[in-house]
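Novice: Those protein sequence lines, which keep their order, are chains A and B. Here the first sequence stands for residues 1 to 463, where the numbers follow our numbering. Here the second sequence stands for residues 1001 to 1463, where the numbers follow our numbering.
It is possible that some hints are incorrect.
Keeping only pairs whose Cα atoms sit at most 30 Å apart, straight-line, the calculated BS3-like set for lysine-lysine is [claimed, not checked]:
id	chain 1	residue 1	chain 2	residue 2
1	A	Lys367	B	Lys1401
2	B	Lys1359	B	Lys1400
3	A	Lys424	B	Lys1381
4	A	Lys447	B	Lys1197
5	B	Lys1444	A	Lys150
6	A	Lys367	B	Lys1170
Hints listed in this document are in silico derivations from the structure and should not be mistaken for laboratory results.
Chain by chain, the residues:
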Amino acid sequence: MQSEVTLDSRDANFVRRTCSTLLRLGIRFRLDNSEGGMRLNFVIPDMDTYPRNLTAESQSDGTALQAEHSIFADEVTSTYEIQGPFPVYDLSLPDYGQNFVGGEGGLLLHNTVTQQQLAKWSDSNVVVYVGCGERGNEMTEVLVTFPELKDPKSGRPLLERTILVANTSNMPVAAREASIYTGITMAEYYRDMGYDVALMADSTSRWAEALREISGRLEEMPGEEGYPAYLGKRLAEFYERSGRVMVLSPDERVGSVTIVGAVSPPGGDFSEPVSQNTLRVTRVFWALDASLAGRRHFPAINWLTSYSLYTDDLAGWGRKNVANDWPEVTSRALEMLQKESELQDIVQLVGYDALPETEKGVLDVAKMIREDFLQQSAFDDVDTYSSITKQYLMLKTILEFGERESEAIKAGAQANQVSVLEVKNKISRMKWTPEEKIVALVEEIEKEMKEEFEKLVQSVIAT
Amino acid sequence: MIPLSYRTISQVSGPLLFVEKVRDAAYGEIVEITNAVGERLRGQVLDSSNGMAIVQVFGSTMGLNVGETSVKFLGETASVSVSDEMLGRTFDGLGNPRDGGPRVISRKKVEIVGSGINPYSRDEPSEFIQSGISSIDGMNTLVRGQKLPLFSASGLPHNLLASQIARQAKVLGASESFAVVFAAMGITSEEANFFVKQFEETGALERTVLFLNLASDPSMERILTPRLALTTAEYLAYETERHVLVIMTDMTTYCEALREISAARNEVPGRRGYPGYMYTDLATLYERAGRIRGRNGSITQLPILTMPADDKTHPIPDLTGYITEGQVYLSRELERAGIYPPIDVLESLSRLMNQGIGKGRTREDHRGLADQLYASYAQGKDVRALSAIVGEEALSATDKKLLRITEKFEKMFVAQGVREDRTIEQTLDIGWRVIDELSDSEIKRIKPDLISKYRPKKVEQVS
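Use the sequences and the hints to build the structure in full.
Specialist: Right under this line is the structure:
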């Protein structure tokens, strides 16, 4: 099926890009340059051989200029599937596109550990790690540990696909400002070769601090909290350099840059300008929570304040690749956690014992989700990385326990009778279990769980 | 080049002299100022523009007049003669002898500004320093080459704690030469006497170098004092292979001196009037801690800062926290409860802890045990807040248990005597005793095999 296209445009850039795309695709075209603008005539020979979104939008009258832009301006807007390693906490917050690791109480949080974990395990061909105003000793730790790390996929040293931009806090302030631009430019270089690049910037707060310092030296009129008035613009410019693009090249190549920026607001105050301006341009937010860190709940990502605007995009992928009920399982878990936080407020007032048994059951299950699933040790060989299938199995098992518990409670059991069940120990050992043994363990747990609950219900009915 | 003298002072403003018609004044150059009666002062060029130099005077500018004062540009930046002879001596904030002894004569003269260490040439700090204080060794371990500030406030025993650390700090199984460099900035003479007495009593004075800038001394000297101390420390560490502990107190008065200069220069103020470059300035001090590859010595920093109004979001603790590898946080609440040292472990953090502990360094159960204590203590503190509302009677059995653990943690683990030097074994054993009420399955942070190996055997276990 052929289609004839006529484009009228005054936008020379757009026409130039279109021409280069047509050249790349080997399509002949005629360009008329008149006073009113430029007219481009071409015939698309066979629609089926070109990307689908191109067919849908192309119209022979050439009016849908905006839509045409999206065809030819090299941006790919389809959902991108991330395969392979996921740390557990990615479950409710898929990592895609632009990310933002924020921190409440920058002093206390291991956001450096979180970022390093991401560098180790994220699914990307190239990792650019920018230590922006980093502590000398921590940068050294990165420099020492990275060469020792094995890439889980290839088994080769991780450093072979990693670039470290080491800027420590005692280096000149201009170098600190430049460091993240250096990093992102390197990332774009690899993106243009068609690689998927993950860029970690730790921390953009210190970069903003450098911006403020230089601005002060230039005697510019200070904006909010002494930061220059253009802080928001600079941040947006930086984060907008991420994304997935079709690069200009004779063959079809798609590359991407994912930015994970760390922000460490003073005293955990999210209302400060760097956090606010960052939240405005990013779509995923992981809030590191000081009170979780205090409890040694690591990664200290607060499950309620964090969010991802990509969750819906990835639901379909999850159904196809993990399990059919994947989105339901994750949202059910989040629901339990949300319920728990509401109940905690009540517990603060009346105490745990005053709660009805069903509510106690909810608290128990939420506690299991927190302790046996969300908590993860970066320093344990097994627990440091959990495949998405393992995550699913773990979560599913815990939720199933929750369902059986609520049934048992309905039948008249007490929550404290449930909490002493032997099978709970096994559930808490799931995360220490290597990938290859997890299926067997889960089956065993399910069997035991069934037996123990049945026994419990019988004994309750008997009395 | 013969140093030139100028009598072209146009203005004296606070600690600054504005000298006109100057040729080739170098940034950071040291000047000698002679007043009308022939007294001499030192100063440093802060700003050098065409035909104009701004000089910051170390000392009082009171009584300097515009017409008769002469300024001699010495053609060198601030430097200090360093030698082994400095051990056991006391100097003022500018490096002049304060103890009545002779000047230090040495062939080695070093510029005090120091230079940034390339993170690639650094050695990873990983040697455990036993301070003999449980809440530091057990929960926030200090390692050689780390910079770990004490976040304190007026009225808290930070001096006592710092001197206890200086007295007890040692590396296990090593008999290497050790030195202390003490930099006092704006502390009272009583505090200075306290430290000197402490060092004398323990016989540590002969391996200590003291730089004392007291509260009554000119505040401008404070800018130089820590740099002199660190330059001396670098000599002792990297040239004579000693392990040097640098105590800097009080960083708050240092920052106030920075602010004073900034205000006198009419600079655009940053947060709370502190200059925008304070982060960079502090980084050039703190980042001088560390180890260098191929050298045997090390510099460990223990800066002390007092948080104005106990506010940890104040720019001084905030920026310090960005640079240092954690902090030891002193709490007024614990101090009031009569606990010494009043270290709030939940607010404290050592970012290099993981490198310094574990098998072969301390004990393999250290990490897990510390996490378990953290978790139980954090939960226990929540329960304590709850019991204040609902009363202890209304608590569940688990909560009561947590409450007892919290009590024990503060009374047995954190609290210890000023002269009590606990080994790491003792610290960890006390830790196990604190959590002895928990059953094996309630101990979630420690691996099962380590529990059975290290848990003290008991007659009966509470389940």
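Novice: If a hint holds in the structure, say so; if it does not, say that too.
Specialist: Comparing the hints with the structure gives:
1. A:Lys367 - B:Lys1401: holds (18 Å)
2. B:Lys1359 - B:Lys1400: violated (34 Å)
3. A:Lys424 - B:Lys1381: The hint holds at about 26 Å.
4. A:Lys447 - B:Lys1197: Not satisfied, since the Cα-Cα distance of roughly 69 Å exceeds 30 Å.
5. B:Lys1444 - A:Lys150: holds (28 Å)
6. A:Lys367 - B:Lys1170: This hinted pair is violated, its Cα atoms lying about 41 Å apart.
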